[in-house]
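S.K.: Chains as they are written, first to last, in UniProt numbering: chain A, 1 to 484; chain B, 1 to 336; chain C, 1 to 298.
Bear in mind the hints are in silico, worked out from the structure with no lab data behind them.
Among the clues, some could well be false.
In the EDC-like style, the derived pairs of lysine to aspartate or glutamate whose C-alpha atoms are separated by at most 16 Å in a straight line are [to be verified]:
no., chain 1, residue 1, chain 2, residue 2
1, A, LYS262, B, ASP175
2, A, LYS416, A, ASP443
3, A, LYS459, B, ASP78
4, A, LYS52, C, GLU85
5, A, LYS320, A, ASP349
6, C, LYS242, A, ASP89
7, A, LYS240, A, ASP451
8, A, LYS260, B, ASP175
9, A, LYS198, A, ASP89
Here are the simulated distance ranges between beta carbons [said to hold, decoys possible]:
no., chain 1, residue 1, chain 2, residue 2, range
10, B, PRO110, C, GLY40, 12 to 22 Å
11, A, PRO371, B, PHE79, 43 to 53 Å
12, A, LEU465, B, GLN87, 21 to 31 Å
13, A, GLU258, B, ALA118, 44 to 54 Å
14, A, ASP451, C, GLY40, 18 to 28 Å
Stretches of chain C that chain B covers, calculated by requiring three or more beta carbons in the stretch to come under 8 Å of a beta carbon on chain B [claimed, not checked]:
no., segment
15, 46-58
16, 120-130
17, 225-234
18, 264-273
19, 276-285
Beta carbons are placed, not taken as given, at the ideal position from N, Cα and C, and that holds for glycine.
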Amino acid sequence: MSPISRRGFLTASAALGGGLTACSSSSAKSTPSGTRTVTHWDWFVSQEPWIKNEIAVFEKANPKIRIKRTVQVSDKYPDLINLAFRGGDAPDFFQIPSTPAFPDQVAQGWLEPLDARATAAWQSRFPQGSFFNGVDMVDGKVYSAPFGGAAPWLQLYIHNGLFKQAGITNPDGSVKLPRTWDDVTLAAEAITKKSGGKAHGIGFGNAQNATLTWWIELFVRGAGSPAGYGTDGPDYRVGKWTFGSDRNYADFLTLLLEWKKKGYIYPSAMSIGDEQARAFFERGKFGITVGGVWNQPTWAEHHFSDYSLTTLPSPTTTPKAFFYYPPGGRVFGVSKAAALTDEAWAWFDHLHSVEAGRRWVEAGQGLSVFPRANDQAKITSPQFQQYVDTRRYALPWPVPAIRNPEVSQVVVPAVKPDLPDVTAGLYTGQLKDMGAALSALEDRRNKALADGVKAAQAKGAKVGLADYVFADWDPTKPYVNKPA
Amino acid sequence: MPLVDTAPSPPAHRGGSGPATAAPPPKAPLRTRLWAARWSYLYILPLLALLLTFVVYPIFGSLVYTFYRWNGIGEPSDFVGLDNFRQIAHDSIFWDSVAHTFVYAIVVVPVQLVIALALALVLNNKKLRFSAFYRTLFFLPVVTSPAVVGVVVQLMLSNFGDTFNSWLLDAHIIDTPVDWLGNPRIAMGIIILVGIWQTLGYNLVYFLAGLQTIPEEINEAARIDGAGPVRTFLHITVPMLRSVGLMIVILAFIGSFQVFDLVQVLTNGGPYFGTEVVNTYIYHLAFGGNQAAATQPDVGLASAASFFYGLLLIGFSVLQVLIFRSIAKRRAAGRG
Amino acid sequence: MALLTARRPAPGPRPAGRRPAVNARRAAGRSATHVLLLIGGLIWLFPFLWTLGSSFKSADGFFSQGLNPIPKHVMVSNYSGAWKEASFEKYFVNTVLVAGGAVVLTLAATSMAGYVLARTEFPGRKAVIGLISVTLFLPHGYTIIPIFDIVRGLHLLNTLWAVIIVQSSSSLVFATFLFMGYFSTMDREIEDAARVDGASFHQTFWRVMLPLSGPMLATVGLFTCITAWNSFFIPLVFTLSKPELHTLPVGMYSFLGQNSTDWTFLCAGSVISLLPIVVIFLLLQRYFVNGLAGAVKG
Chain A
1 MSPISRRGFL
11 TASAALGGGL
21 TACSSSSAKS
31 TPSGTRTVTH
41 WDWFVSQEPW
51 IKNEIAVFEK
61 ANPKIRIKRT
71 VQVSDKYPDL
81 INLAFRGGDA
91 PDFFQIPSTP
101 AFPDQVAQGW
111 LEPLDARATA
121 AWQSRFPQGS
131 FFNGVDMVDG
141 KVYSAPFGGA
151 APWLQLYIHN
161 GLFKQAGITN
171 PDGSVKLPRT
181 WDDVTLAAEA
191 ITKKSGGKAH
201 GIGFGNAQNA
211 TLTWWIELFV
221 RGAGSPAGYG
231 TDGPDYRVGK
241 WTFGSDRNYA
251 DFLTLLLEWK
261 KKGYIYPSAM
271 SIGDEQARAF
281 FERGKFGITV
291 GGVWNQPTWA
301 EHHFSDYSLT
311 TLPSPTTTPK
321 AFFYYPPGGR
331 VFGVSKAAAL
341 TDEAWAWFDH
351 LHSVEAGRRW
361 VEAGQGLSVF
371 PRANDQAKIT
381 SPQFQQYVDT
391 RRYALPWPVP
401 AIRNPEVSQV
411 VVPAVKPDLP
421 DVTAGLYTGQ
431 LKDMGAALSA
441 LEDRRNKALA
451 DGVKAAQAKG
461 AKVGLADYVF
471 ADWDPTKPYV
481 NKPA
Chain B
1 MPLVDTAPSP
11 PAHRGGSGPA
21 TAAPPPKAPL
31 RTRLWAARWS
41 YLYILPLLAL
51 LLTFVVYPIF
61 GSLVYTFYRW
71 NGIGEPSDFV
81 GLDNFRQIAH
91 DSIFWDSVAH
101 TFVYAIVVVP
111 VQLVIALALA
121 LVLNNKKLRF
131 SAFYRTLFFL
141 PVVTSPAVVG
151 VVVQLMLSNF
161 GDTFNSWLLD
171 AHIIDTPVDW
181 LGNPRIAMGI
191 IILVGIWQTL
201 GYNLVYFLAG
211 LQTIPEEINE
221 AARIDGAGPV
231 RTFLHITVPM
241 LRSVGLMIVI
251 LAFIGSFQVF
261 DLVQVLTNGG
271 PYFGTEVVNT
281 YIYHLAFGGN
291 QAAATQPDVG
301 LASAASFFYG
311 LLLIGFSVLQ
321 VLIFRSIAKR
331 RAAGRG
Chain C
1 MALLTARRPA
11 PGPRPAGRRP
21 AVNARRAAGR
31 SATHVLLLIG
41 GLIWLFPFLW
51 TLGSSFKSAD
61 GFFSQGLNPI
71 PKHVMVSNYS
81 GAWKEASFEK
91 YFVNTVLVAG
101 GAVVLTLAAT
111 SMAGYVLART
121 EFPGRKAVIG
131 LISVTLFLPH
141 GYTIIPIFDI
151 VRGLHLLNTL
161 WAVIIVQSSS
171 SLVFATFLFM
181 GYFSTMDREI
191 EDAARVDGAS
201 FHQTFWRVML
211 PLSGPMLATV
221 GLFTCITAWN
231 SFFIPLVFTL
241 SKPELHTLPV
251 GMYSFLGQNS
261 TDWTFLCAGS
271 VISLLPIVVI
281 FLLLQRYFVN
291 GLAGAVKG
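Isolated chain A, as found in the complex:
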């Protein structure tokens, strides 16, 4: 539900997610008064105040255009947009869904190419290298544009009150933020023991089967596994997933089970959802949790600000791998049926303006693709500023579809059980042999990639597993993508 939609939105904005694009049969209807209406679909929940404000700003500047926004149920969005196109009833302008794969959406004729208006001059407002095939372009045509800026999408949230109570402070009395895996363990132990049973060191809400993998994502990156929980791609140094062969995964999961065994983890962590966990953190039921920037608006609304954040805890004090993002990005698209009218384009242009990005950052929603919009004095929340400052831990990484555009024809089938399942199984004890479970998962994922490549080859795509190997990639440095 909502945490996911937020996460989904953020990843899509960083072009990590997949996407669908908009369409409309009803483009720009005229009314007697001469105003024209653009129908707009999104699945914004916590971003709603921002988009509503943008609509107001836009309509004021363009009195002849009306934006008719429909907010759709987030976890049904891909189905709804698919049915809308099927029914010839798609919106003029839409937030690009996570499935099917972006090139499929273009192939289905959902999206209108923007090249006639998104000229080189228009593109120059974005940072250099923002438009790539498979990201916001398909077959050399532009279909979307980057929106959000990159920062690590997960943070370690620290409850200041519980930390102080447990005496985990610096000499000046401020809370001592954990930087290493051991710091986390020691803090969890101190909080659990000093609270006399009222609080636990660590908590999360895995009812939606997602948050446990967030812990993996955050902790193994610090330990030097650049693929994290592997949903955005394999370890591109070798072109493979390495859940079993890279010992960081087993090391962290062993640590997690240790925490559980010692009673540092909130006992109902598998029963509650992320939303409940957020509320319980706020109420001091546990001192450390993993989450994203989407936590912050709720807490701000409840006037809870006694927390801090940090990111990438690692076995040593220096993270050996970071968060990564592909260059470019896509959030919104114009539907084919809208035929890139003046109105649809004006709205697209407005949402991708520096000013809209600035308001996005001011509202505490996340970062903007425009560096100018991110550096500003208007950020009042210290925690959001902390988040903005973690930007340096997000680096561009290799994108196979840029080196070989044919890669975008590869559809990697889902595997089952996947990492979230395996993690939950290990956590509850349903899976006993961690090594075997992780190796089997690694094999399943790699086989799925090989199968996807084979299927694409069978259809004539010139692709191979070598397209996923970037031997020249150093995960501690930004990667410069170049077409082959």
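Go by the hints and put chains B and C onto chain A.
M.R.: Chains B and C only, in chain A's frame:
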């Protein structure tokens, strides 16, 4: 007694009951018989039209998908023959989910039927005051929507989970706190409890309806003959309820085998597929992975799983009917 | 239960001297029955009571009061807030239209069909009964796309008609069986009398038989209404481009997502969405045991 009527017992009023039947002799030419029954056909037309258009055709329409690898976008084109069925039949998670569904049904149906029957017997007592009030009370959960039930149960669990844990810890029943939905067995137990809670009302009113059809005189007569309550129950109530009971059992099994919403909102099939039932399994295929990793939906595979399960169920239903019938026959034979 | 029936008075005349003891025992048994029923009922209703109580709690009260359904400080603002934010009044009207339409359509189609299947003989009758029985068992797989295509072909997308028709279709079979059962147990003489009076086939059904099936109309109507009221996916899909046509469960879904951490608010929203159907149920429930009894007789 609908479902039983479909069994070999003869139709209600063969020949000459309703006005339309105007009793053409059975040997009359077909055209005459068709014309004589024209109003019957007209009256059944709306039902058949709706049923064929919106139920039967879509089922067979989706049968086509089972032969394709298809993500639900556009039209299916990647023909894979019976591969999808093969994949389902070889998926241990599918078979686990079948097992979970059967566990759910095999616990829910008998427990619920016993409670419902017991309650119905109490509430059917004409001398019991406020029985309509009690009936309302126990039926009420039926009107709730699964979405709201899911939210409420989650809120209750997250609020009470800790309370229950501290009670149990204090009483030394457990030595470490329980993660209620984090333990597959307990999670299944909670789903079963909520399932019983939510659907008991239907079975209660079916039984009440069945009990009302037993003429009071028969019970009276039994009592005068000196039969105690237990004997009255065993020798009068049970036989008289047999046909309605059969319907209730069949409906309860049909409903339980299709359990979906409750599992979806309470555990989403987790942890580690520990409460995955067939319909959540199918749902996860059709609507793409879970929220941590959005995956391509596989409508072909989902449809195949659905049909495969349908075949299993039809087989099971036939078996069930055969068993009931042979019991009935044996009884009849024993009596005769 | 055995305990309760065991307390029933034994038949037959009794010596006069023992009467007071029997009366006392009988009274005690009755009280015990009531006490047990009340305790059971309270447990059964607890989730409702807790939700209702929590909807009046403050956020802090919600956390500190745990199992206690009675709010310490009564807050009505959850209701005004939830009502305003979720635009329930708009969804409410749509839901009433959808549920009402589905009830009318289902009742019409299934009572007519149930009548002719139960009371008339015609070639193909058994085939029809067989067909509808089989649909009860057939897997309902991924049928949303074929249904969507049909509705599009009928040009009914984004109308409440689409929701009503598709929703009605989902519960036809069971309702038809209920009507069949009910009509087949009705006295034949009523029909014969109508025919003697010169009533046509239609008059017999609409003027005589249908009015006599009131309890079953109430029963099927109530079941259909409950299902339609709570339906989520069908109204979502068939009104996807017209949010102004959304129904309560669809509106409720966004409401749940947007307020996922304001739990007292959620409880208020849940109460609002359930209340109308509970009231409808309370009004109709006294008919439906009789209706079902009519259907299962015979």
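S.K.: Within a Cα-Cα threshold of 16 Å, do LYS459/A and ASP78/B meet the stated pairing?
M.R.: 11 Å, holds
S.K.: Please verify whether LYS242/C and ASP89/A have alpha carbons no more than 16 Å apart.
M.R.: Holds, at about 10 Å.
S.K.: Check, residue by residue, whether the segment 225-234 of chain C contains three or more positions whose beta-carbon lies closer than 8 Å to a beta-carbon of chain B, and give the verdict.
M.R.: holds (count 4)
S.K.: Checking one constraint from the list: CA of LYS262/A to CA of ASP175/B, max 16 Å. Satisfied?
M.R.: Roughly 13 Å separates the two Cα atoms, so the pair holds.
S.K.: Between LYS240/A and ASP451/A, is the straight-line Cα distance small enough, at 16 Å or below?
M.R.: Since the Cα atoms of LYS240/A and ASP451/A sit roughly 13 Å apart, the hinted pair holds (cutoff 16 Å).
S.K.: Report holds or violated for chain B covering the segment 264-273 of chain C, Cβ cut-off 8 Å, minimum 3 residues.
M.R.: Satisfied; 4 residues make the cut.
S.K.: Can you confirm whether the C-alpha distance between LYS416/A and ASP443/A stays at or below 16 Å?
M.R.: 12 Å, holds
S.K.: Can you let me know if the beta-carbon spacing of LEU465/A and GLN87/B is within 21 to 31 Å?
M.R.: 23 Å, holds
S.K.: Please check whether the segment 46-58 of chain C has three or more residues whose CB lies within less than 8 Å of a CB on chain B.
M.R.: Per the Cβ count (5), the hint holds.
S.K.: Within 44 to 54 Å or not, the Cβ separation of GLU258/A and ALA118/B?
M.R.: 49 Å, holds
S.K.: In terms of beta carbon proximity below 8 Å, does the segment 120-130 of chain C have 3 or more residues touching chain B?
M.R.: Check passed, 9 qualifying residues.
S.K.: Given the range 18 to 28 Å, decide if the beta-carbon distance of ASP451/A to GLY40/C lies inside it.
M.R.: Given a distance of about 55 Å, which is not inside 18 to 28 Å, the answer is violated.
Checked against the numbered hints given earlier, the structure breaks hints 5, 9 and 14 and satisfies all the rest.
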